[in-house]
Amino acid sequence: MKTQLTEVLWLEAHPDIPLPELAELSGLSAAELLALTEYGVLQPVDAQAEEPSYRAACVVTARTAFRLRRDLELNAEGLALVMQLLEQVRSLEARLGELKARLPGGF
Amino acid sequence: MKYTDYYAVLGVKRDATPAEIKAAYRKLAHKYHPDVSKEQDAEQRFKEVAEAYQTLGDKEKRAAYDQLGKQQPGEEFRPPPDWQRQYGETNFSFEDLDFADLFSGLRGARSRRGGKPFPEPGEDFEIPVDITLEQAFHGTDLNLDLGIPEYDAQGAMRRVPRNFTAHIPKGATDGQRLRLPGKGGKGLNGGRDGDLYLRIALRPHPLFRVNGHDLYMDLPLAPWEAVLGTSVEVPTLAGAVRLKIPPGTQSGRQLRLSKRGLPKPRGGEGDLFAIVQIVVPEKPSEQEKALFEQLAQASTFDARGNVKREARHENATH
Chain F
1 MKTQLTEVLW LEAHPDIPLP ELAELSGLSA AELLALTEYG VLQPVDAQAE
51 EPSYRAACVV TARTAFRLRR DLELNAEGLA LVMQLLEQVR SLEARLGELK
101 ARLPGGF
Chain C
1 MKYTDYYAVL GVKRDATPAE IKAAYRKLAH KYHPDVSKEQ DAEQRFKEVA
51 EAYQTLGDKE KRAAYDQLGK QQPGEEFRPP PDWQRQYGET NFSFEDLDFA
101 DLFSGLRGAR SRRGGKPFPE PGEDFEIPVD ITLEQAFHGT DLNLDLGIPE
151 YDAQGAMRRV PRNFTAHIPK GATDGQRLRL PGKGGKGLNG GRDGDLYLRI
201 ALRPHPLFRV NGHDLYMDLP LAPWEAVLGT SVEVPTLAGA VRLKIPPGTQ
251 SGRQLRLSKR GLPKPRGGEG DLFAIVQIVV PEKPSEQEKA LFEQLAQAST
301 FDARGNVKRE ARHENATH
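Protein sequence lines, in the order shown, are assigned to chains F and C. Per our numbering, the first sequence runs over residues 1 to 107. Per our numbering, the second sequence runs over residues 1 to 318.
To be clear, the hints were calculated from the coordinates, so they are not data collected in a lab. There could be a bad hint or two in this list.
Computed footprint of chain F on chain C, listed as stretches where at least three residues anywhere in the stretch have a Cβ under 8 Å from a Cβ of chain F [unchecked claim]:
| # | stretch |
| --- | --- |
| 1 | 4 to 11 |
| 2 | 290 to 301 |
| 3 | 306 to 317 |
With a Cα cut of at most 30 Å, we get these calculated BS3-like pairs of lysine-lysine [to be verified]:
| # | chain 1 | residue 1 | chain 2 | residue 2 |
| --- | --- | --- | --- | --- |
| 4 | C | Lys244 | F | Lys100 |
| 5 | C | Lys13 | C | Lys47 |
| 6 | C | Lys31 | F | Lys100 |
| 7 | C | Lys70 | F | Lys100 |
| 8 | F | Lys100 | C | Lys13 |
| 9 | C | Lys59 | C | Lys2 |
| 10 | F | Lys100 | C | Lys170 |
| 11 | C | Lys244 | C | Lys186 |
| 12 | C | Lys259 | C | Lys289 |
| 13 | C | Lys264 | F | Lys100 |
| 14 | C | Lys13 | C | Lys31 |
Computed Cβ-Cβ distance ranges for the label pairs, DEER-style [what the hints assert, rightly or not]:
| # | chain 1 | residue 1 | chain 2 | residue 2 | range |
| --- | --- | --- | --- | --- | --- |
| 15 | C | His313 | F | Asp46 | 46 to 56 Å |
| 16 | C | Lys27 | F | Glu51 | 35 to 45 Å |
| 17 | F | Glu77 | C | Asn315 | 33 to 43 Å |
| 18 | F | Leu74 | C | Lys2 | 30 to 40 Å |
| 19 | C | Gln277 | F | Glu51 | 53 to 63 Å |
| 20 | F | Gln43 | C | Glu39 | 29 to 39 Å |
| 21 | C | Gly147 | F | Leu96 | 26 to 36 Å |
| 22 | C | Gly139 | F | Leu74 | 51 to 61 Å |
| 23 | F | Gln43 | C | Glu134 | 29 to 39 Å |
| 24 | F | Asp46 | C | Pro169 | 42 to 52 Å |
Values in this document were obtained by computation on a predicted structure and should not be read as measured data. Note that beta-carbon positions come from the ideal geometry of N, C-alpha and C, so glycine has one too.
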């Protein structure tokens with residue numbers, strides 16, 4: 001069976017996602033998402049809003065958190081720490097990639 | 001179906017205690033979890049480890065697994081005739097099942113036993129897709145052949161081949177994700193269908209290096225071109241353009257070709273940076289050598305003037 005896909009969305013170009021929908025998409029509970037928000041792992045679009053909503057890219061972060069919690073049986077603090085360190089690794093890798101691209105010869 | 005030795009995968013003895021099995025799983029999960037591991041084949045290894053633990057970590061499933069007896073790994077085998085009646089209560093069609101599916105079928109069967117069915121969302125899947133820089137620049141249609149696991153009404157899992165043509169719009173770059181809503185696993189009992197995510201990876205290009213939507217390339221210049229200035233032809237993804245090299249261009253200087261990078265999904269383009277590298281002839285001719293010697297005699301240029309000044313300054317302050 002061959003299907004032509006019509007609905008293809010850039011995750012980055014998605015509209016913002018309210019908390020309950022992020023919970024549904026990621027598999028984490030609203031309480032777990034709020035805990036990750038408090039630790040700064042997830043950033044709400046508007047920190048003052050009554051019910052936070054998130055940029056679509058947060059789905060990736062939240063899903064990673066869900067998998068790690070499920071597979072490694074982490075508690076909330078451990079999960080937040082792992083997520084923070086992963087973000088550090090990600091940003092260092094991005095910086096490394098940028099420097100590599102700028103280097104003559106590309107090494 | 002091929003037999004998998006789950007005890008060997010976790011590296012434990014067949015009579016290991018549940019605590020030993022859990023400890024072995026944790027150790028391997030930390031090492032191979034694809035979200036944290038830098039190991040080459042982390043994803044595949046973690047799948048095997050998780051599959052083994054899903055069965056051995058559950059008392060009921062481990063008993064069912066042990067009942068199958070020890071086989072040679074990779075050996076073709078069929079479960080004994082009464083096995084499924086005893087453990088699965090499910091009509092498996094063994095023909096197109098993986099070994100792993102056998103036990104995930106048990107999960108579905110057991111959760112059904114608990115009374116009335118409740119809606120379960122379908123699984124989300126993320127798959128990496130490799131595209132070339134040219135495909136990212138122009139956009140492309142990708143033909144994807146996937147085996148999406150689905151659960152039937154009895155809770156047994158089977159892989160359903162799905163063939164998609166997914167249009168990758170122009171503006172893709174490394175690490176971006178496309179979401180295909182509802183194209184993941186089927187939801188159960190009225191639960192929503194899962195999503196399929198495509199994670200874009202750009203194949204390395206022989207000429208251009210990618211940073212976000214900006215591109216970088218080396219631009220080799222002969223010493224006289226850098227000194228006197230010139231105009232050179234520079235390749236871009238949209239075709240060659242002429243680039244003016246100002247006189248006195250130093251090695252390492254980045255010449256920006258505005259909007260010649262990758263297009264951005266929401267409009268606009270990145271830039272292309274040509275990084276100047278001054279290269280010298282490795283085997284100069286006699287005439288070239290003579291001319292350089294003449295230049296060396298005539299020139300008052302001090303290439304290391306700055307280095308000497310700094311060195312003098314250092315000595316003076318110590």
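To see whether the hints hold, each was checked on the structure:
Only residues whose beta carbon comes within less than 8 Å of a beta carbon in chain F count, and the stretch 4 to 11 of chain C has 0; fewer than three means the coverage is violated. Chain F is given as covering the stretch 290 to 301 of chain C, and this is violated because 0 residues of the stretch bring a CB closer than 8 Å to a CB of that chain, at least three being needed. Using a Cβ-Cβ cut-off of 8 Å, 0 residues of the stretch 306 to 317 of chain C lie near chain F, which falls short of the minimum of three, so the contact claim is violated. Under the criterion of a C-alpha separation no larger than 30 Å, the hint pairing lysine 244/C with lysine 100/F is consistent with the structure, at around 25 Å.
Between the alpha carbons of lysine 13/C and lysine 47/C the distance comes to roughly 20 Å, so the proposed pair stays at or under 30 Å and holds. The suggested pairing of lysine 31/C with lysine 100/F holds, with an alpha-carbon distance near 27 Å, which does not exceed 30 Å. As the CA atoms of lysine 70/C and lysine 100/F are separated by approximately 51 Å, the hinted pair breaks the 30 Å bound. Only pairs whose Cα atoms come within 30 Å are accepted, and lysine 100/F paired with lysine 13/C is rejected, the gap being roughly 47 Å.
Taking the CA atoms of lysine 59/C and lysine 2/C, the gap is near 23 Å; set against the 30 Å cutoff, the hint holds. Taking the CA atoms of lysine 100/F and lysine 170/C, the gap is about 24 Å. The hint holds against a cut of 30 Å. Using a Cα cut-off of 30 Å, the hinted pair lysine 244/C and lysine 186/C is violated, with the two alpha carbons roughly 57 Å apart. The suggested pairing of lysine 259/C with lysine 289/C is violated, with an alpha-carbon distance near 41 Å, which exceeds 30 Å.
Only pairs whose Cα atoms come within 30 Å are accepted, and lysine 264/C paired with lysine 100/F is accepted, the gap being roughly 21 Å. This hinted pair checks out: lysine 13/C and lysine 31/C have alpha carbons roughly 20 Å apart, not beyond 30 Å. Checked against the hint of 46 to 56 Å, the C-beta distance between histidine 313/C and aspartate 46/F comes to roughly 53 Å, which is consistent with it. Restraint check, lysine 27/C to glutamate 51/F: a C-beta distance of roughly 40 Å satisfies the suggested window 35 to 45 Å.
Checked against the hint of 33 to 43 Å, the pair glutamate 77/F and asparagine 315/C fails, with Cβ atoms roughly 55 Å apart. The beta-carbon spacing between leucine 74/F and lysine 2/C, approximately 33 Å, falls within the hinted interval of 30 to 40 Å. In this structure the supplied range 53 to 63 Å holds for glutamine 277/C paired with glutamate 51/F, their Cβ-Cβ distance being about 54 Å. For glutamine 43/F and glutamate 39/C, the hinted distance range of 29 to 39 Å is satisfied, since their beta carbons lie about 30 Å from each other.
Between glycine 147/C and leucine 96/F, the C-beta spacing of about 35 Å keeps the proposed range 26 to 36 Å intact. Taken as a hint, the range 51 to 61 Å is violated for the pair glycine 139/C and leucine 74/F, whose Cβ atoms sit roughly 40 Å apart. Under the hint 29 to 39 Å, the C-beta atoms of glutamine 43/F and glutamate 134/C, about 35 Å apart, fit the expected range. For the pair aspartate 46/F and proline 169/C, the beta carbons lie near 29 Å from each other, so the given range of 42 to 52 Å is not met.
Comparing the model with each numbered hint stated earlier shows that hints 1, 2, 3, 7, 8, 11, 12, 17, 22 and 24 do not hold.
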